[in-house]
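Line by line, the protein sequences are chains U and C.
Going by our numbering, the residue at position 26 of the first sequence is 26; the numbering climbs one at a time, nothing skipped.
Going by our numbering, the residue at position 164 of the second sequence is 1164; the numbering climbs one at a time, nothing skipped.
Some clues are possibly wrong.
Okay, derived cross-link-like pairs now, DSS-like style, lysine-lysine, Cα gap no bigger than 25 Å in a straight line [claimed, not checked]: (1) C:K1219 / U:K284; (2) U:K180 / C:K1219; (3) U:K180 / C:K1051; (4) C:K1074 / C:K1002; (5) C:K1223 / U:K317; (6) U:K187 / U:K12; (7) C:K1223 / U:K284.
According to the in silico footprint, chain U covers these stretches of chain C (three or more CB under 8 Å from chain U) [as the list claims (entries may be wrong)]: (8) 1118-1127; (9) 1157-1166; (10) 1189-1198; (11) 1211-1225.
Don't read these hints as lab results, they were simulated from the structure.
We put the beta carbon where it would ideally sit given N, CA and C, even for glycine.
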Amino acid sequence: MVLVFAEATNGKFKKAAHEAVTYAKKTAEVLGTDCCALTIGEVEDAGQLGVFGASKVLNVGGPGVAKFDSQVYTAAIAAAAKEVGAKVIVLSHNSTGKNLVGRLAARLLAGSAPGVNAVPTANGDQLTVRKAVFSGKAYADVTLTTEYKVISLAGNSIPVEESGAAVAVESFSPELPAAKTKVIETKRVEGTTPLPEAELVVSGGRGLKGPENWGVIEDLAEALGATTACSRPVADVGWRPHHEHVGQTGVAIRPNLYIAAGISGAIQHLAGVNNSKTIVVVNKDPEAPFFKAADYGVVGDLFEVLPKLTEAIKEHKAG
Amino acid sequence: MKLLVCVSKTPETTTKIQLTADQSDLDKSGVQYIMNPYDEWYALVRALELKEAVGGTVTILNVGAADNDTVIRKGLAIGADDAIRVNTDGGSSLYIAKQIAEQAAGYDIIFFGKETIDYNGSEVGAMVAEFLGLPYVGDASNLEMNGNQATVTRDIEGGVEVVEVETPFAVSAAKGMAEQRIPNMRGIMMAKRKPLNVVEPVDFPETTQVNHYELPAEKTAVKLIDPDNMEELVRLLHEEARVI
Ligand SMILES: Cc1cc2nc3c(=O)[nH]c(=O)nc-3n(C[C@H](O)[C@H](O)[C@H](O)COP(=O)(O)OP(=O)(O)OC[C@H]3O[C@@H](n4cnc5c(N)ncnc54)[C@H](O)[C@@H]3O)c2cc1C
Ligand SMILES: Nc1ncnc2c1ncn2[C@@H]1O[C@H](COP(=O)(O)O)[C@@H](O)[C@H]1O
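Start from the sequences and build out the full structure, keeping to the hints where you can.
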């Protein structure tokens, strides 16, 4: 059995959870077994995970798991793995997953592969799975040689697939420790898709010259339904909020489309965006290094190019 | 407060990654190493600030071979009091975490970076916390202490979460937690006389192996589009790249 932890936010699943279940189902197929999904806390329609390939869905409820705590959640996931006899555990490589992968590995003395982007291959009792290393500058094939194995899936790595039908949800009540951390506040930017989950991203750099010019970025993002991002110096001087900074020391993203305007393409910037499926670069300097990493390039003044692109997008959507 | 900062050594951020001919490893010739930026800029500096505010000691811990000493000395030059190096070449994250856990009992806060920029694991800190039975807060961009109670802000998708936790605990540092400090001449001189204790590893099995690396496929040459013809770009994004 493969166990997958499908995280819900405010009771609802996001794409990352559906990707994780799809991935766990594919991993189970490689191993010739089934996949069981675990949900924690109050979740609407947990049985729908059957649609993405779970043959069984467990839910751990109660006040003790209402807020995230890495020790409590680790105990719940490890108990579920023992309950269903799972030796492979799949998580999403998001902020919750990053707090859990290591803990689970230590608890189960498991080999771990954090942030993978492909379905594993099996060789006897070993699993080999590919992950990006050096911030996307290379891939490593990691072989897990232990009895238990913990894998977390990088976002936007595999398409979600519907392969089954809804199943009944079984409640599961393992003994859990009391939380030692207390969540006192959760603040989320409302409206737009958060950067790590965004499929379309429009990003601006120092070439924008100042925060008052961001309208051209925001208009394009709005026309596309994209999330905005920025280069590091722009966040450092406070033109844009810190959570928009992408790159080696900021958020690492892998959207379907990344449009970069007025960004030179320094190696530390590329490290956070080079897993994007398609990259469009707008820069007035034909020698800007970013063009080497781009699929499509526009050599020109972003203050003229972006409004034209925004118009063309609007026409495309209208027609 | 007794503070421990776990630091690792990584290739410098501008390193062009090249592989050995059989693709079994990184070609290390000519690679320059630095202290992992998250460990140096954020974890270490925040630990030093806490020590300056309330007193105590800051110890640096590294699991690695003797050639890691340069990185450790830099941490001492920035202001840590002493250092421990567990002398091993061992590889798996869990093996490293086990070695750290063996040394890490008795500290009030154990600091990590949010990830190493070479392996991008984001896992060693949580592993150590589990071995020691401690709470763990990952990707923290702010940490304030009030007595033995900490208020920690951690980055989540599209926002932040504020959590309270009491010492002892483990935390991993992301951007925002502190401002990078550059060691000065006096710090560098003093670092030479600070204790760097080398200890031997405990036995623990390796749990993972990496036998094969690959470089991403070369990008095909960029397609340049006339800046006056954005309709063409939209067409390509729709029909060729199929992303809109
Ligand atoms: C350890 C380390 C970590 C780092 N981490 C990151 C990171 O995570 N993310 C990150 O982004 N950076 C990071 N950096 C910084 C990085 O090295 C670059 O300095 C930074 O990415 C440059 O930002 P930029 O491209 O916005 O600015 P610049 O390099 O100044 O580029 C501005 C670009 O705008 C173009 N331009 C100007 N005017 C126009 C116009 N009117 N129309 C079109 N184009 C125009 C210019 O030709 C130029 O190419 C890091 C650096 C270090 C040392
Ligand atoms: N060899 C090591 N010695 C000491 N600390 C380490 C070592 N490797 C990783 N760490 C710590 O664990 C953090 C996360 O590493 P990783 O899980 O590899 O991304 C790093 O930022 C360091 O604080």
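Quick rundown of the hints versus the structure:
The straight-line distance between the Cα atoms of K1219 of chain C and K284 of chain U is roughly 21 Å, inside the 25 Å bound, and the hint therefore holds. Among the hinted pairs, K180 of chain U with K1219 of chain C is inconsistent with the structure: their alpha-carbon atoms are about 48 Å apart, more than 25 Å. A threshold of 25 Å between alpha carbons decides the hint, and for K180 of chain U with K1051 of chain C the separation of about 24 Å falls inside it, so the pair holds. For the hint pairing K1074 of chain C with K1002 of chain C, the CA-to-CA distance comes to about 20 Å; that is within 25 Å, so the pair holds.
A threshold of 25 Å between alpha carbons decides the hint, and for K1223 of chain C with K317 of chain U the separation of about 23 Å falls inside it, so the pair holds. Between K187 of chain U and K12 of chain U the CA atoms are separated by roughly 17 Å; this keeps the pair inside 25 Å, and the hint holds. With a C-alpha separation of about 15 Å, the suggested pairing of K1223 of chain C with K284 of chain U holds against the 25 Å cut-off. Check result for the stretch 1118-1127 of chain C against chain U: holds, 10 residues qualifying (beta carbon to beta carbon below 8 Å, three or more required).
Here's how the stretch 1157-1166 of chain C fares: 10 of its residues keep a CB closer than 8 Å to some CB of chain U, so the rule of at least three is met and the hint holds. Counting residues of the stretch 1189-1198 of chain C whose CB falls under 8 Å from any CB of chain U gives 0; the rule of at least 3 is not met. Restraint check on the stretch 1211-1225 of chain C versus chain U: 12 residues with Cβ-Cβ distances below 8 Å, three needed, restraint holds.
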